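Asker: Produce the complete structure using the sequences and hints provided.
With the UniProt record's numbering, letter number 6 in the sequence shown gets 6, and the count goes up by one each step, no holes.
It should be emphasised that the hints constitute simulated quantities derived from the structure, not laboratory data. Quick caveat: nothing in here was measured; it's all calculated off a predicted structure. Be aware that one or more of the hints could be misleading.
So the derived label-pair ranges between C-beta atoms look like this [what the hints assert, rightly or not]:
id, residue 1, residue 2, range
1, Val4, Glu36, 18 to 26 Å
2, Glu36, Lys5, 12 to 20 Å
3, Ala32, Gly6, 23 to 31 Å
4, Leu44, Met1, 24 to 32 Å
Where a beta carbon is used, it is the ideal one built from N, C-alpha and C, also for glycine.
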Amino acid sequence: MVKVKGTIRPMEIREIQAEGEDYAAAREALEAQVTEGWQLLSVLTDR
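Answerer: Below, the structure written as structure tokens:
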């Protein structure tokens, strides 16, 4: 018998936004919104 384990994540995709005085602060605010069980897949900067 072979047992296997996998890691899954929700298929749903949500967009979140945050602001800060600089990139580091904005990114920290963005990451703070990522709840348990979710992954931050990408970060885009508005210019």
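Asker: Can you name, in rising order, the numbers of the hints this structure does not satisfy?
Answerer: Hint check: 4 fails alone, others pass.
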